[in-house]
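There are 2 protein chains.
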Amino acid sequence: MALTVQKFGGSSVASPEHIQRVARRVADTVDQGNSCVVVVSAMGDTTDDLIDLACKVSSKRPAREMDMLLTTGEQISIALLAMALQDLGKDSVSFTGWQAGIRTEAVHSKARITDMDPSRIFAELEEGKIVVVAGFQGVSEDGDITTLGRGGSDTTAVALAAALKADLCEIYTDVEGVYSTDPRVVKFARKIPEISYDEMLELANLGAAVLHPRAVEYAKQYNVPLMVRSSFKSNPGTLVKEEALMEKGIIVRGIAHDLNVAKVALVGVPNRNDNLQAVFQTLAKENINVDIIVQSVVHNDRSDISFTVAKDDLHRTIEVLTQLKTRLGANEIVCEEELAKVSIVGAGMISNPGVAAQMFQVLSENGMFIKMVSTSEIKVSCVIDASDVHKAVRVLHTAFGLDAVEAAAVAK
Amino acid sequence: MALTVQKFGGSSVASPEHIQRVARRVADTVDQGNSCVVVVSAMGDTTDDLIDLACKVSSKRPAREMDMLLTTGEQISIALLAMALQDLGKDSVSFTGWQAGIRTEAVHSKARITDMDPSRIFAELEEGKIVVVAGFQGVSEDGDITTLGRGGSDTTAVALAAALKADLCEIYTDVEGVYSTDPRVVKFARKIPEISYDEMLELANLGAAVLHPRAVEYAKQYNVPLMVRSSFKSNPGTLVKEEALMEKGIIVRGIAHDLNVAKVALVGVPNRNDNLQAVFQTLAKENINVDIIVQSVVHNDRSDISFTVAKDDLHRTIEVLTQLKTRLGANEIVCEEELAKVSIVGAGMISNPGVAAQMFQVLSENGMFIKMVSTSEIKVSCVIDASDVHKAVRVLHTAFGLDAVEAAAVAK
Numbered sequence: 001m002a003l004t005v006q007k008f009g010g011s012s013v014a015s016p017e018h019i020q021r022v023a024r025r026v027a028d029t030v031d032q033g034n035s036c037v038v039v040v041s042a043m044g045d046t047t048d049d050l051i052d053l054a055c056k057v058s059s060k061r062p063a064r065e066m067d068m069l070l071t072t073g074e075q076i077s078i079a080l081l082a083m084a085l086q087d088l089g090k091d092s093v094s095f096t097g098w099q100a101g102i103r104t105e106a107v108h109s110k111a112r113i114t115d116m117d118p119s120r121i122f123a124e125l126e127e128g129k130i131v132v133v134a135g136f137q138g139v140s141e142d143g144d145i146t147t148l149g150r151g152g153s154d155t156t157a158v159a160l161a162a163a164l165k166a167d168l169c170e171i172y173t174d175v176e177g178v179y180s181t182d183p184r185v186v187k188f189a190r191k192i193p194e195i196s197y198d199e200m201l202e203l204a205n206l207g208a209a210v211l212h213p214r215a216v217e218y219a220k221q222y223n224v225p226l227m228v229r230s231s232f233k234s235n236p237g238t239l240v241k242e243e244a245l246m247e248k249g250i251i252v253r254g255i256a257h258d259l260n261v262a263k264v265a266l267v268g269v270p271n272r273n274d275n276l277q278a279v280f281q282t283l284a285k286e287n288i289n290v291d292i293i294v295q296s297v298v299h300n301d302r303s304d305i306s307f308t309v310a311k312d313d314l315h316r317t318i319e320v321l322t323q324l325k326t327r328l329g330a331n332e333i334v335c336e337e338e339l340a341k342v343s344i345v346g347a348g349m350i351s352n353p354g355v356a357a358q359m360f361q362v363l364s365e366n367g368m369f370i371k372m373v374s375t376s377e378i379k380v381s382c383v384i385d386a387s388d389v390h391k392a393v394r395v396l397h398t399a400f401g402l403d404a405v406e407a408a409a410v411a412k
Numbered sequence: 001m002a003l004t005v006q007k008f009g010g011s012s013v014a015s016p017e018h019i020q021r022v023a024r025r026v027a028d029t030v031d032q033g034n035s036c037v038v039v040v041s042a043m044g045d046t047t048d049d050l051i052d053l054a055c056k057v058s059s060k061r062p063a064r065e066m067d068m069l070l071t072t073g074e075q076i077s078i079a080l081l082a083m084a085l086q087d088l089g090k091d092s093v094s095f096t097g098w099q100a101g102i103r104t105e106a107v108h109s110k111a112r113i114t115d116m117d118p119s120r121i122f123a124e125l126e127e128g129k130i131v132v133v134a135g136f137q138g139v140s141e142d143g144d145i146t147t148l149g150r151g152g153s154d155t156t157a158v159a160l161a162a163a164l165k166a167d168l169c170e171i172y173t174d175v176e177g178v179y180s181t182d183p184r185v186v187k188f189a190r191k192i193p194e195i196s197y198d199e200m201l202e203l204a205n206l207g208a209a210v211l212h213p214r215a216v217e218y219a220k221q222y223n224v225p226l227m228v229r230s231s232f233k234s235n236p237g238t239l240v241k242e243e244a245l246m247e248k249g250i251i252v253r254g255i256a257h258d259l260n261v262a263k264v265a266l267v268g269v270p271n272r273n274d275n276l277q278a279v280f281q282t283l284a285k286e287n288i289n290v291d292i293i294v295q296s297v298v299h300n301d302r303s304d305i306s307f308t309v310a311k312d313d314l315h316r317t318i319e320v321l322t323q324l325k326t327r328l329g330a331n332e333i334v335c336e337e338e339l340a341k342v343s344i345v346g347a348g349m350i351s352n353p354g355v356a357a358q359m360f361q362v363l364s365e366n367g368m369f370i371k372m373v374s375t376s377e378i379k380v381s382c383v384i385d386a387s388d389v390h391k392a393v394r395v396l397h398t399a400f401g402l403d404a405v406e407a408a409a410v411a412k
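Sequence lines, in order, name chains A and B. Residue numbers for the first sequence follow full-length UniProt numbering, so the first one is 1 and each next one is one higher. Residue numbers for the second sequence follow full-length UniProt numbering, so the first one is 1 and each next one is one higher.
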């Protein structure tokens, strides 16, 4: 008998009918002889409706009270799912975050889990019950209700799977798994059967929205096998685990792209050894996330410092740099907006030199100019013109042998 | 500086605008130098909407999960009110039932409060905060969320006032206070300035919906002064306390009536000393509440046993009695439906004999036939024809000097 933690997101529990369908799905798992803990998010638009209410009442919307408000969304879902399960004759019990023993920092709207006490869940599982837990929420040491921020329900599921030493954590979603790239961009994108935590982390950080990076990090840390699969179909999904088998002849696992990229360059910054840190410490203080950084020495005594930020942060970044410019002694600030980042990810790169070079070649042969490059052991990212990005994804997908079987057939 | 517990019902927090108005009202109390704990119910139709959702998902609707579901209604209200108060510059914090230390029996949908631990509330009050508490809910020893059942938010407010030794518990509602009788029946009904717990209990039990009997009982038990007043107007309301001053010349405080009355008679029951108990134990087992009971010996060896029940229970009552009839040896079962109960309530009756006689005289002079009578120290109830009841309330209201000043003027 296996213990499975199953997580269903907001779109999977969007209506009473959806909840009944999830209940049948959970009941099936139990009927196959498994124990089940189910984590659910708030129903469809509930969270947005609650935020609307808050906006009508308050211009400040203090974080503690927003957490108090928003956590009702998951509480509604767990009660309804537990009821639906009982209607199917399955003994079940629902728990809020605090009841499930999910303890967090005393930080609102984005608390991190500090500690898990799954004793109540264990007790109910031993009595043969299905335990339904509210995702996204926990309780601080002071007894305040907290939320885990974006991707919170995935994180709840993985943390519970770790604490309960579950055999598997299944993340049910509206797609069938993790794809080699965005199926909206590449028709022949294919579902990846297995992927390693590190690869998944890179893909998640690079914009593959199917799993939140925090949940993947947590899964990696506690070695929890994760299965991403469809709420609506019974096909197997994508298994995320420590060591994923590479398919024959494939080095790159997936291709990600991100259109939310702006580039900023500080031109002609005098080469003083505290200038670089001054720039990025100041940006960090302003909570501006910097992605790719390139420093190039243009003369003996001056450098250009270029980096990318999210487009939403561009305006503030320029404000901050304008204030710094004189202190740094820089010549000018240049920025560019119509950019995108395309990335190839694959653990196979470590043992296959020349993958980056192959990427540059493919892009260049297709007439694309690479403006910035960033690499890790298992990833290469290039910043290119936004107008080129969809084509770039397609040609890289083909070049690295990722096109699905149907595409190969078409090519013949 | 006084400590006040203020309770606002669902109609007082029905919309974001209502919540902002409640916030201003609470802020005014604080600006006058008082400390404030505020208890709120779920917004307007929230509870009904949640019940609808549950009905769509489940035919069983287990009580534990219904409590989990319905308590989100008050949690939404407290978060929004705390936000609205902070928008007015008032430091405030919201607490669910479990956070507020409201401990109950491990019974769902109608738990009784067993214990209060107001330490967190005290701590926040000491920091100068307004504490907003979810009504209607508590937590069992096992850590399950429970609800207090009908009138639950009033009970929460009174229990908090008792535990905090508050100077006053104000119940804000959509009427201006407790009236001498139903203003929809008697135009010259008047607001009662003061009333004793016992009188209020009788009126509440007799159908005055403004306060739930449980809350009044709790207030009496812990000697908490209660003020019932309007959420919309600033007029003083009705003060409920241990010893209420009687106005000069007035013995009866209020008149209640109830149209949900059916009479059942077991005719010709042999006089065996276990017959009476057999009837009422059986009804109690079936959860049928019996109100007035009259036994009259018609012959040496046979009696008639008559009693009243709520109309909804009449059908089941007759079923139960039909099964009992042979065992009891009764001749027949007779029932009557078009009945009503009219009651006069006043602590002054204890020291004023003849009040009951005066009531009978007034009804009889007005051509009404009294079918049953029941009395307590501070109440007389008569069962009469339903068609007479509004007239009965009016003539009694005038006869016992309760008509408001305008009526007296009209009479002259």
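I should point out that these hints are in silico values taken from the structure, not numbers from a laboratory. All residues carry an ideal CB built from backbone N, CA and C; glycine is no exception. Watch out, some of these pointers could steer you wrong.
[Stated by the list, open to error] Listed next, the stretches of chain B that the computed footprint assigns to chain A, with coverage defined by at least 3 CB atoms under 8 Å from CB atoms of chain A: (1) 42-54; (2) 59-70; (3) 90-104.
[Stated by the list, open to error] In silico PhoX-like pairs for lysine-lysine, Cα to Cα no more than 25 Å straight-line: (4) B/K56 - A/K56; (5) A/K110 - A/K233; (6) A/K90 - B/K241; (7) B/K191 - A/K56; (8) B/K165 - A/K60; (9) B/K56 - B/K90; (10) A/K56 - B/K371; (11) A/K233 - B/K371; (12) A/K90 - B/K233; (13) B/K241 - B/K220; (14) A/K129 - B/K56; (15) B/K248 - B/K165; (16) B/K311 - B/K241; (17) B/K191 - B/K233; (18) A/K60 - B/K90; (19) B/K60 - B/K165; (20) A/K129 - B/K60.
[To be verified] Listing some non-contacts, in silico: residues in chain B with all C-beta distances to chain A over 10 Å: (21) I78; (22) Q86; (23) F188; (24) F232.
Next item on the list: Identify every previously stated hint that the structure contradicts and give their numbers, smallest first.
Entry: Failing hints, ascending: 4, 5, 6, 7, 8, 9, 10, 11, 12, 15, 16, 19, 21, 22.
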